[in-house]
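Q: Each chain is listed here by its residues.
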Amino acid sequence: MSSVLEGITDLDSLARLVLEVDENVKDYLDVTAILEAMGITTATARKYGFPNKFELARKVVEVIQYYRTRGEVVGGAKISEQRLMLEALKRFLFGSLLASPWLFLTVSYLLIGVTLLPAGEVTTATMVSMASALSLLATSGLQAVFTRRLSFYYYQQNYGAARRILALYYSLSACAISTTALLMLVANRILNLYPEAWMELAVIYFIPLSLLWVSVAPLYVLNAYAPLAMIFFFTLLAISLSLRLSVGISPIYAHLYGIYLGVVMAIVYFLVYLYVRERMLKKTGLLMWSLEPRIPKLSYILYSGAPYFLSSTLYFLFLTMDRFIAWTASKAPILLINTRYEFSVNTALLILCPVFGVLNYYMNRFYKMVVEGGRLFKAREVHSYRKELVEIYWRTLRAAVSVGVAGLLATYFLINHYISMLPMEISPSTLLYSGIGNVFLTVFLVNSLICFYFYRPWPSIASLAIGLLVDILVGFPASRLIGVDYASLGYLSGSVALAVASSLLAYKLVEEADYSYYSAF
Amino acid sequence: MRVLMLTEGTYPYFKGGVSTWTDDLITNLREFEFIVAAVLPTPFFKPCYNLPENVIGLASIPLWGTELVKEFHGEPIKMMIKRRLNTKDWEIRRQFTPHFRRFIREVKNGGKNPEAVAQSLYEMHLFLREHDYKKTFRSRYVWDVIRQELAEDPLYQNLSVSSTVEISRIIQHLLRVLAHEYPEVDLCHSSAAAFCGIPAVLLKMEFGIPYLLTEHGIYFRERVLDAVRGMEGVVEKILWMNLYRAIVGLNYHYADKILPVCRFNVDWEKEFKVPPEKIEVIYNGVDVRKFRPIQVADDAGAKRVVVMARIDRLKDIMNIIDAMGYVVDEHNDAFCRIFGPIEDEVYYEQCLNRIRELGLENRISFMGPTDAPEVEYNRAMVVAQPSLSEGFPYTIIEAMACGKPVVATDVGGVREALGECGIVVPPRSPKLLAEGIIRLLDDPELRESMGRMARVRAVKLFSHERFIEDYRRVYVQAVSERKLGV
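Top to bottom, those sequences are chains A and B. Quick note on the numbering used here: the first sequence kicks off at 7 and runs consecutively. Quick note on the numbering used here: the second sequence kicks off at 278 and runs consecutively.
One chain only, chain A, in its complex shape (with noise of 0.2 angstroms):
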């Protein structure tokens, strides 16, 4: 005889077994059952003398409580301080490169005069600036409404209903796009803004680049931070090669054949992607179910996203507003750009990078709080639970605000110092104004994704529009009163109150993440 029962003849043995299969059993139901599992039965209970497998599971229940051990263990191996370091290295660069895309587009411009987009007299930079802030705005709301329920089927494996939204949103983003396009050129003809041939060559920009933002959004929901990066890099690359190699291309065409490749290389790899995992999936050809690719109504998904849609819309409209109103400070036509506040206002983009880097080890370390550190808690110990995730939400802040005034420091210090040897013209005070408006946007960026954690988008919404709100009354009077490049100060005013804002209606949720946590669905 070989069974788990042989040799095991007294209830003693019984019970040390029991409790090696299941060291938490309640009663005597739970006994039996794990007796049963065993291999004993009512036949066999009757060998040790009960009349039952439930009555020989009572007796069974007696020992065990000789055997039980009080309390929990709760918390794993500490982990090494060199492990500790090297997965926040890890979450700062991933997070840096998350960043990459205006990384890349910044530093490229300043050291080899290559961006996206190309450079040249007023004309052609504000079609082509329009073309880009109108991109954004175009593009981000259904952005945010498409990738949520991508992220959503993606990350249940469900591939097909995956392809599904992404061709819906891929369908939406296109019609969003052709009417934006269409729009701009009948508004133009109606309203005689620009001379024609302006506003098509804004139009032909903002295709190509709201195509990009289009198809790189997805890469976000995967975390494919390299790929990421990677496209924005060939990218620039392709646009450089076209222009230094001289192989007859028009410095328009260098620029748009090199975007619709990073939309080719983005859209590729996605669908690629998305394919290989299903290939994976299916391998085993075994499995006891088939999923459906159904998604909801469309209706659904927007109702459910248009908070999001709102959210981001409301977040590129106060990334841009400043320059809309630094545009409207010329004479005629109504929008012009200043190519000098464009650039100062682009370079403290710069600062956000390594700020994204910390935010991405900060808000690990929180989500990771919110869920695993709640098991070092018990229930009657909840104000400890939220006074600990208070404390990281003061430690992120703390973190993000310093990287990023060190950040806007060195940047300061640095492009003053080399102004003269940079391809465009800056201003150190929007610079400035900027960088120290970016600083303060970290603490709503800290703030926003703890709300869309938690799922809550209002108190973003409500923030953006307050923030929104004082840039327009402060921003617009400062440029007309003092000069365009005070522009930069209705956007750093909106920082401040966007910062505020967002801190007294995210601290809420902090103060009661349990509560939040519970209600995040």
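Simulated from the structure, these hints should not be mistaken for laboratory data. One thing to keep in mind: the hints can contain errors.
What the hints assert, rightly or not - Simulated coverage check for chain A against chain B, where a stretch passes if three residues somewhere in it have a Cβ under 8 angstroms from a Cβ of chain B: (1) 37–43; (2) 156–166; (3) 297–311; (4) 379–391; (5) 511–523.
Said to hold, decoys possible - Computed Cβ-Cβ distance ranges for the label pairs, DEER-style: (6) B:418 x A:393: 23 to 29 angstroms; (7) A:266 x B:629: 44 to 50 angstroms; (8) A:393 x B:356: 42 to 48 angstroms; (9) A:266 x B:323: 36 to 42 angstroms; (10) A:161 x B:635: 31 to 37 angstroms; (11) B:636 x A:281: 34 to 40 angstroms; (12) B:635 x A:281: 32 to 38 angstroms; (13) B:370 x A:412: 47 to 53 angstroms; (14) A:257 x B:363: 56 to 62 angstroms; (15) B:425 x A:393: 18 to 24 angstroms; (16) B:638 x A:281: 28 to 34 angstroms; (17) A:281 x B:610: 39 to 45 angstroms; (18) A:88 x B:363: 55 to 61 angstroms.
In this text, all values refer to a predicted model and were calculated from it rather than measured experimentally. For every residue, glycine included, the Cβ atom is placed at its ideal position computed from N, Cα and C.
On the provided structure of chain A, position chain B as indicated by the hints.
A: Using the frame of chain A, we list chain B on its own:
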């Protein structure tokens, strides 16, 4: 006559014994119209059965996988928005939370008062029919109830914060069955004493519709075995087991008739204080014309061991793998074919690793599901069943009907099914399982006689006609008694 058939994680989306049973029953009770309400993990599963013509409706109740509870139900969005706007905080506080509190209190003590459990569920159901589910459960008032009831309870305050939150979130998902409306039918029939039985309880409370409950595996027992694997602390486990106990007790209390598939289940039901007169065993039936001894041409005489089981821990595939190690030592030309879908991929990988460790790559094969099980049984020299838990397994009675000798673990209704026509060994005892297989491989006469007796027993006791006739009788009786006001 219209029947609401309630399933959980089975028909028509997943293959398996319960699904086979449901399909068989519905297909053969043609005079009844069925509406199938299937509780599912997510809404993304494709039905893997062709629904017979007498199924006039299929409603899936996904517990996870949707952002808005009814987003796949075809309801116009404006209805949903209206319901959301109509859901006021004060209504949640006054009209919902008292019942939710009562439910949580009952759950805490294992549902000792099933009528109180039912009343609280019914009141919550009434509220959720008119109000928004998501807004209600996200409410601070609902969380306050949970927090107060758990964090201020002398026992449950020892739960970790994470466990409290996670359990609350899971309860929110499990109670999604309350957000749906169910049709007024003549009879409800649930295939498990689980959450899928709740609609039957609600309909009984609202319209007095009779409720029949068939138990395949014992739901509570299976949850205990799940808990052994997945739970971190004593208190957490106590709460879960109390929740399951409350739901099982509720089903037992409100079912007019409990129809276990074997006598083994009856012991458990009695332990839950179910009056014996409510219990009637109806064994599963097998189509003895389809499952019969047939000549299979290829590799006759091969020492083939056939296992029909999904790849899952409860089926203890590891047991047969280890057993084959011993079998191959004695019969180096013996081999095993395992037919069944993969339910647990991690476990499947573990099985493959074990096969590699034992060097049995050429001896054991996973074949996936088969559309012709009768052929595979007939190809077998021996049919083995290594499971840890069973109700009244089809695989055993099908093999018996095919006239094949069976070696099986002594779980659930296996012993009742086999009688003297097979070899029964304790579960988790690979060596004994192997000894049974070797004994049959060694002895052609024993194989022959056991197979012959098994066929006779299957035809006599587990015929399909008897199975269908029993259910037909119980259905008619339940509905007539209601009409007569018995």
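Q: Now tell me if each hint is right for this structure.
A: The hints, checked one at a time:
no., hint, result
1, 37–43, "holds (count 5)"
2, 156–166, "holds (count 3)"
3, 297–311, "holds (count 10)"
4, 379–391, "holds (count 11)"
5, 511–523, "holds (count 3)"
6, B:418 x A:393: 23 to 29 angstroms, "24 angstroms, holds"
7, A:266 x B:629: 44 to 50 angstroms, "45 angstroms, holds"
8, A:393 x B:356: 42 to 48 angstroms, "43 angstroms, holds"
9, A:266 x B:323: 36 to 42 angstroms, "38 angstroms, holds"
10, A:161 x B:635: 31 to 37 angstroms, "36 angstroms, holds"
11, B:636 x A:281: 34 to 40 angstroms, "36 angstroms, holds"
12, B:635 x A:281: 32 to 38 angstroms, "36 angstroms, holds"
13, B:370 x A:412: 47 to 53 angstroms, "49 angstroms, holds"
14, A:257 x B:363: 56 to 62 angstroms, "59 angstroms, holds"
15, B:425 x A:393: 18 to 24 angstroms, "20 angstroms, holds"
16, B:638 x A:281: 28 to 34 angstroms, "30 angstroms, holds"
17, A:281 x B:610: 39 to 45 angstroms, "43 angstroms, holds"
18, A:88 x B:363: 55 to 61 angstroms, "57 angstroms, holds"
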